[in-house]
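Number of protein chains: 2
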Amino acid sequence: MRALCIGLVGPGLIGKALVLQLDQQAAYLATQMGLRVALVAVANSRRQLLAPAGAPLQGAQDWQERLQAAGDPVSLPALASHVAAQRGPGGVGVIVDCTASDEVPDHYAAWLRAGLHVVTPNKKWGAGPLPRHAAALAAAREGRARLLAEASVGAGLPVLGPLRDLVETGDAVTRIEGILSGTLSYIFNTWAPGQAFSSVVGAAKELGYTEPDPREDLSGMDVARKVVILARGCGLKTELSDLKVESLVPAPLREGSAEDFMRRLPEFDAEMGARAEAAAAGGGVLRYVGAVDAAAGTASVTLQTFPAAHPFAQLRGSDNVVSFATRRYAATPLIVRGPGAGAEVTAAGVFGDVLCIARGAAE
Amino acid sequence: MRALCIGLVGPGLIGKALVLQLDQQAAYLATQMGLRVALVAVANSRRQLLAPAGAPLQGAQDWQERLQAAGDPVSLPALASHVAAQRGPGGVGVIVDCTASDEVPDHYAAWLRAGLHVVTPNKKWGAGPLPRHAAALAAAREGRARLLAEASVGAGLPVLGPLRDLVETGDAVTRIEGILSGTLSYIFNTWAPGQAFSSVVGAAKELGYTEPDPREDLSGMDVARKVVILARGCGLKTELSDLKVESLVPAPLREGSAEDFMRRLPEFDAEMGARAEAAAAGGGVLRYVGAVDAAAGTASVTLQTFPAAHPFAQLRGSDNVVSFATRRYAATPLIVRGPGAGAEVTAAGVFGDVLCIARGAAE
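Protein chains in written order, with full-length UniProt numbering: chain A, 1 to 363; chain B, 1 to 363.
Please keep in mind that the hints were generated in silico from the structure rather than gathered at the bench.
Any given hint could turn out to be false.
Since the list gives no way to pick one copy over another, a pair counts as held whenever it fits inside one copy or between any two copies.
Pairs of lysine to any residue residues, derived as SDA-like cross-links and limited to a Cα-Cα distance of at most 25 Å, are as follows [claimed, not checked]: (1) Lys205 to Asp72; (2) Lys16 to Arg316; (3) Lys205 to Pro193; (4) Lys16 to Ala172; (5) Lys205 to Pro333; (6) Lys124 to Ala17; (7) Lys124 to Gln32; (8) Lys16 to Ala313; (9) Lys16 to Ala296; (10) Lys205 to Val74; (11) Lys16 to Pro129; (12) Lys237 to Gln24; (13) Lys16 to Ala134; (14) Lys244 to Met1; (15) Lys237 to Thr174; (16) Lys237 to Ala27; (17) Lys205 to Gln61; (18) Lys205 to Thr332; (19) Lys244 to Ala114; (20) Lys244 to Thr305; (21) Lys16 to Pro333; (22) Lys205 to Phe268; (23) Lys237 to Arg359.
Next up, chain A with everything else stripped away, as it sits in the complex (with noise of 0.2 Å):
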């Protein structure tokens, strides 16, 4: 049986769901697979905590009592060194960054060119300085690894794969166009008319949809990352700060605290109604769209009217959505659609990825 060691590099919320599903599925794998899963390391901004193959921490129950308790000092080479140990002659090993962290990235490329694979939802390397992005790509190539982030557009949804496929099969994308936060999702598709914007923004809050200082969605930067990252899949050299992005901050309330922000956001209620009455008019929606225009080698974050019938329109809840118009698909486009965020299926979306490696690497 293959070994396939995995490091854990962030155990937050959806490092967690990853751990539980690789300790779920670790009998089917060995059985079904040949697999012989095991989680070998995990490190947290501080500390980090290495265990051998033959005792992985996935089915410890108390690995985040022993890592707060008794970890070393992080040392994110160290990490690498002990999974590449770990996995032995034949055996896969693969990093995962389940951070948010900017630092992170800097290590993809040591880890690539030692031969570790690396999977990651963190949208900060993905939508990072070219430079770095291009220096793993090269570094994978060169360690014969694999470099793959499907969770970080859409979390579970087949996203990047698909993507992958249409370029790599030689389809030429025209335009990708996707409703990408599922907070801005759910916001525009319950908005009713004459609701006052704000009071939606407010319920989003309360419910736990928004960051706790909601800017952090309306502003339209973590879906501009994942335009970046949808832009770069077609091969576009997209830096973030070429992206027009049409933040839905008004200007006079970018700065101060997250509960002055609510406070005023209704001051604005006016002017955002008033877009959204013109939609109305048109038998329009409104929506907050990303989009990579292929052809012209652009893309932007928007807000937009769409008609009734088109799919975006019918949009429910807080899902996601994304539509890629190619050669191929030119009558009608690919569709995509469903969750888009979540813990347990942007997990899911990074074991389909470590999966998608530990597959290959049977031959």
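Following the hints, complete the assembly by docking chain B onto the known chain A.
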């Protein structure tokens, strides 16, 4: 550079589209993925043509003429041996079955056991007898080879790959529903109130959307095969004969010529019209849907009524749609939608599976 040697069985519309795509992408695969792709064998039902990896057929303008004129009598075991020999050490050998034959899948187990991968859009394998299905999967494990059939459901749309990810990451599929026939999608999407059903079928036939005998579409057997493939993807032991299939061919019209069928179909317009009116009276529309109830272990193909706001009611043209409800995707399902037929997108689905294998084999 690693060799990716392909043998193609069935150079019909899909097979020819695949050869073109392989030729167009050969340079990209070499520079970007370090893969030297070579179509080293092509067989139709009578003849086969074998070529060395150094002079691959996908680059030859005259491979079709050479196959017709000078090909050897077909021998699939000899074709497989040739692919295995040409791939060389460290290389990847894939046999692509682009036939609709029920006999070619009889060879899969032998090929897989010999370490040759198999990729196919042929529904006769996935929906064929369970013992043959199980034998091929066992042979794949034994030969450490892979058997992928993404293009057998929804053509190039990501359907079976995402289903595999759901299952292997430990999600529990509860229900899969889909509009899986482009022909029947078109017929029900365009059927306007008051129109005669027979005239919609006639128009679809004129446009070339149906088989020459539209009963092949209306019988539901093509949809049923796809449903069996989806059911088995959930781990069910479903045979085609287990399915409840509602044929749209009126019982008195099941015999006789296609011309007789089209002439007499209007006799049944009142019956079909009444069903559409009943659906419309409740604010719904009719859709021809394949469904897997994974919890109950059953599967069916039936004409159903959907409310106007349902994603299936909103389908247009000849698009396919597949909806996965699972333990993780419980509140709203994961939905994939888009063109699900056509030689070019089907070939791209096959090519995607070939690349999935080749990427993995990089290890």
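Now for the hints, and whether the structure bears them out:
1. Lys205 to Asp72: Neither: 38 Å inside a copy, 71 Å across copies.
2. Lys16 to Arg316: neither (28 Å within a copy, 41 Å between copies)
3. Lys205 to Pro193: within (20 Å within a copy, 44 Å between copies)
4. Lys16 to Ala172: Close across copies (19 Å), not inside one copy (38 Å); limit 25 Å.
5. Lys205 to Pro333: For lysine 205 and proline 333, only the inter-copy Cα distance (24 Å) is at most 25 Å; the intra-copy one is 33 Å.
6. Lys124 to Ala17: This pair counts as within: shortest intra-copy Cα distance 21 Å, inter-copy 39 Å.
7. Lys124 to Gln32: Classified as between; 24 Å across copies, 35 Å inside a copy.
8. Lys16 to Ala313: neither (35 Å within a copy, 39 Å between copies)
9. Lys16 to Ala296: neither (41 Å within a copy, 31 Å between copies)
10. Lys205 to Val74: neither (35 Å within a copy, 67 Å between copies)
11. Lys16 to Pro129: neither (28 Å within a copy, 42 Å between copies)
12. Lys237 to Gln24: So lysine 237 and glutamine 24 pass the 25 Å test across copies only (23 Å; inside, 40 Å).
13. Lys16 to Ala134: Neither. Shortest intra-copy (30 Å) and inter-copy (35 Å) distances fail the 25 Å Cα cut-off.
14. Lys244 to Met1: Neither. Shortest intra-copy (50 Å) and inter-copy (41 Å) distances fail the 25 Å Cα cut-off.
15. Lys237 to Thr174: within (15 Å within a copy, 41 Å between copies)
16. Lys237 to Ala27: between (42 Å within a copy, 21 Å between copies)
17. Lys205 to Gln61: neither (34 Å within a copy, 62 Å between copies)
18. Lys205 to Thr332: between (36 Å within a copy, 21 Å between copies)
19. Lys244 to Ala114: neither (38 Å within a copy, 54 Å between copies)
20. Lys244 to Thr305: For lysine 244 and threonine 305, only the intra-copy Cα distance (17 Å) is at most 25 Å; the inter-copy one is 43 Å.
21. Lys16 to Pro333: between (36 Å within a copy, 24 Å between copies)
22. Lys205 to Phe268: within (17 Å within a copy, 55 Å between copies)
23. Lys237 to Arg359: between (31 Å within a copy, 23 Å between copies)
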